[in-house]
Amino acid sequence: MTMISKEEVQHIAQLARIRVDEKDVEKLQKNLSEILDYFNVLGEVDVSRVEPMTHSIALQNVSREDVARSKDLTLTQKLIDMFPAIREGFLKVKAIFSR
Numbered sequence: 001m002t003m004i005s006k007e008e009v010q011h012i013a014q015l016a017r018i019r020v021d022e023k024d025v026e027k028l029q030k031n032l033s034e035i036l037d038y039f040n041v042l043g044e045v046d047v048s049r050v051e052p053m054t055h056s057i058a059l060q061n062v063s064r065e066d067v068a069r070s071k072d073l074t075l076t077q078k079l080i081d082m083f084p085a086i087r088e089g090f091l092k093v094k095a096i097f098s099r
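Letter 99 of the sequence shown, counting from 1, is numbered 99 in UniProt numbering, and no numbers are missing.
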């Protein structure tokens, strides 16, 4: 087992911005060392025949294609022409937010 030093535990606590009592340092040394040893065990696992993946669940894009539905601009122009207030090419509406 690779043992982490007390200084390393205190440095990790400082980086994490947590206060660690001196009585808890030894327990944290043991726990962190066990965690690192477990990662070493995981590093020894043969994954050469495992296909790489980017996500644990196979996802599919369910969005529609972003394609214009109609090229007939006459309907759009008719709606714009019927609008009561147009200013500098923009459709003018009543304010919905108060200042």
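Hints are supplied without guarantee of correctness; some may be wrong.
Said to hold, decoys possible - With a straight-line cut-off of 20 angstroms between C-alpha atoms, the simulated SDA-like cross-links for lysine to any residue are:
#1 27 - 58
#2 23 - 3
#3 6 - 27
#4 30 - 2
#5 23 - 39
#6 94 - 82
#7 27 - 44
#8 30 - 20
#9 6 - 41
#10 23 - 5
#11 6 - 22
#12 30 - 47
#13 94 - 75
#14 30 - 45
#15 30 - 57
#16 27 - 5
As the list claims (entries may be wrong) - DEER-style ranges, computed between Cβ atoms:
#17 16 - 39: 17 to 27 angstroms
#18 13 - 51: 33 to 43 angstroms
#19 67 - 93: 27 to 37 angstroms
#20 96 - 73: 52 to 62 angstroms
#21 57 - 5: 35 to 45 angstroms
#22 57 - 36: 57 to 67 angstroms
No lab work stands behind these hints, which were simulated from the structure alone. Yeah, the Cβ is synthetic: ideal placement off N, Cα and C, and Gly gets one too.
Exercise. Determine which of the earlier numbered hints do not hold for this structure and return their numbers in increasing order.
Key: Of the numbered hints, 1, 5, 7, 9, 12, 13, 14, 15, 20 and 22 do not hold.
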